[in-house]
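Enquirer: Taken in order, these protein sequences are the chains called Z, E and W.
The first sequence begins at 1 in the working numbering and counts up one residue at a time.
The second sequence begins at 1 in the working numbering and counts up one residue at a time.
The third sequence begins at 1 in the working numbering and counts up one residue at a time.
None of these hints come from the bench; they were simulated from the model.
Hints may be right or wrong, so weigh each one.
What the hints assert, rightly or not - Here are the simulated DSS-like pairs of lysine-lysine, each with C-alpha atoms no more than 27 Å apart in a straight line:
1) Z/Lys242 x Z/Lys121
2) E/Lys166 x Z/Lys258
3) E/Lys7 x Z/Lys115
4) Z/Lys43 x Z/Lys261
5) E/Lys188 x Z/Lys211
6) Z/Lys261 x Z/Lys242
7) W/Lys62 x E/Lys20
8) E/Lys166 x Z/Lys242
Here's the letter readout for the chains.
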Amino acid sequence: MSSRVQTNLQKVLAAGHFAVTAEVGPPQGPNPEPVRAKAAILKGLADAYNVTDNQTAVVRMSSIAAAKILLDEGLEPVMQMTCRDRNRIAMQSDLLGASALGLKNVLALSGDHQKASGAGKLNGHPGAKNVYDVDSIQLLGIIKGLRDEARQQGGDAITEPAPFFIGAAWTPLGPPVEFRVPRLAKKIAAGADFVQTQAVFDLKAFAAQVKKAHEAGLTEKVAILAGIIVPRSAGMLTYMNKNVPGIEVPEALIARMKGAKDAKAEGMKVTVELIQAVRELPGVKGVHLQAIEAEELLAEVIPAAGLTPRPLV
Amino acid sequence: MIVAEWKPLPELLAGLKGYKNLLLVGCATCVAECAAGGEREVNTLAPTLHMALKNQGQDINIITRTLERACEPEFVEELAEIAPQVDAIMSLSCGIGMQLIAERFLDKPLLPGVNTTSLAIREAPGLWTARCRACGDCVLGETFGLCPVARCAKSLMNGPCGGTRKNGRCEVDENTDCIWYLIVERAKARGELESLNQVRQPKTWSNSAHGGPKRIVREDLRS
Amino acid sequence: MSKPPSPGFSPEIVVLYCRQTLDAEAKPPEGTRQGDGFSARLVLLPCSSKIEAYQMLAILDKGADGVQLVACPEKACRFLVGNNRAERRVAHARGLLSQAGMAEARLELNRAAELTPEDLMNLAGRHAGRIKDLGPNPMKGGTN
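Work the whole structure out from these sequences, hints included.
Expert: Rendered as structure tokens:
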């Protein structure tokens, strides 16, 4: 990884601390205040904050702009970039712009298909043309090229290296499961410094995949941050288990949430247990926490898991 | 084959406003195979349009013809005799045939009766699925004969995204296979799973639509 | 298209029937017959699947008030799936009729077996009764 500029997340990981990242979804509007409000809730709770790039293919404030707002609020962003909406020209241009604005963590994703955008209550833009000029692994390579070779994908030089700490997503339990560790290896080979995983509920299955990655020597090359979604009800778990690819929720956990008197409190307890469990796995270097549209839960659960105060590095 | 689908009837009817004599042209090649523009579909659409327009108070005379191949000038020429009798031509051929017909009969409005949608196969009776996107940079040799450009919703080149369902279907459509799931299956069956570990670099799209309108020159065949 | 019953309206029904729906003893009737307040043109088919959607649409486009396709009962098709094919074609054609602003009820599929020629006329008569409420086919007397 680049030694030129170190991001806070990079330094926390390098110092051997158990890292914490959280997610901030930009608003569906031009007002920066909702981003600042989320920043106020989340400040001090994590080492860096992912800013999503039009997640679920619904138009929101750009990840670059929202990431810059977070930065101005004193939070370190991880700017997400999907392959859905930009070709390699726009991607590289935006990456240079992001770097100029001080955004140094970037996470490359395939992105949700635009057809998904009309699936919920919103219209979205299912009639949109997608791009997919490059895929997420190729994007990792492009970012690495800008950083390590000061070179664009097409071969032209850029004036100076663009220092990025490069992230990727990993879905360890997605079918075909036997290809998920090799795919992680491809992401590392292409340029990933850290990965955040799809949400973990099935600890046994997750541990088995991490073990394979560990035995393949991958965990020395990449920092794995286990994805954790704070469960709020049995219904939410059932829904995710059924409808969100790559998420496996054990029946016992659904039953436990169903039997709980106070589902919210139980969900917090489950989250703390999950965090503690993944922390024990060799090769897991941190957690990526999400409380979908309920960021205030993170303010409770992160201290409850003993993850605050965050290290100053 | 080139696959097309009828345009929605209201769109067809709106385009026919004011016309009294229509030539409805089909093609006996690809669009016949995909049941969109062969003789049978021409014969189905003609009475449907006629009844619909008459119910809207418009009396139209529809002459039908089905060409052997609408993408060859020799066959399009067969319309020369009938074309002067009509005030518009609606074609159920693919976009290629349509343009040839439009070019041959410059004074006649050409109305597309179908949308050309894909390069596909008939997977089962009444089911057509995409197989190729004419990307100009074929990778089938490395993907065990399964095309990730045409058959992955995101045209991913390095393996499946996180959206593969538990049953191996695509997150975008529960009835569509995740093609990378199938590629991995075939690679495994061949004992060559490791061949997929190599990072595939960004594709060159310029040998197809992204290089500007395609033009192929073969000097040995030029007259 | 839905009008009050027209006085003196005698619906013309085209009955397309599968040979196998007839009683083995019956001589297949063909041609136009007069019923009570309707007429029926009886057309013999070797199988109900021998008729295409476009042919049924064309009959209605040319002005027949109703088309009655008579197929064998479920699982009793001599060609195994002919009657199911016929059912799907009728459904397809009815969809197109509806889009064309025509009453779907003008096209019907009935499943029957061991019919006599009189039974066929009765089927046509019952269809005619329903069509009387719709009024004459608006295509009557047009071009094409």
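Enquirer: Next, verify each hint and record whether it holds.
Expert: For each hint, the structure was consulted:
This hinted pair checks out: Z/Lys242 and Z/Lys121 have alpha carbons roughly 19 Å apart, not beyond 27 Å. Restraint check for E/Lys166 and Z/Lys258: satisfied, since their Cα atoms lie roughly 24 Å apart, inside the 27 Å limit. A threshold of 27 Å between alpha carbons decides the hint, and for E/Lys7 with Z/Lys115 the separation of about 21 Å falls inside it, so the pair holds. With a C-alpha separation of about 31 Å, the suggested pairing of Z/Lys43 with Z/Lys261 is violated against the 27 Å cut-off.
The straight-line distance between the Cα atoms of E/Lys188 and Z/Lys211 is roughly 22 Å, inside the 27 Å bound, and the hint therefore holds. Between Z/Lys261 and Z/Lys242 the CA atoms are separated by roughly 24 Å; this keeps the pair inside 27 Å, and the hint holds. A C-alpha spacing of about 18 Å is found between W/Lys62 and E/Lys20, which places the hinted pair at or below 27 Å, so the restraint holds. A hinted pair counts as satisfied when its Cα atoms are at most 27 Å apart, and E/Lys166 with Z/Lys242 qualifies at roughly 9 Å.
Figure legend: structure checked against the earlier numbered hints; the only hint not met is number 4.
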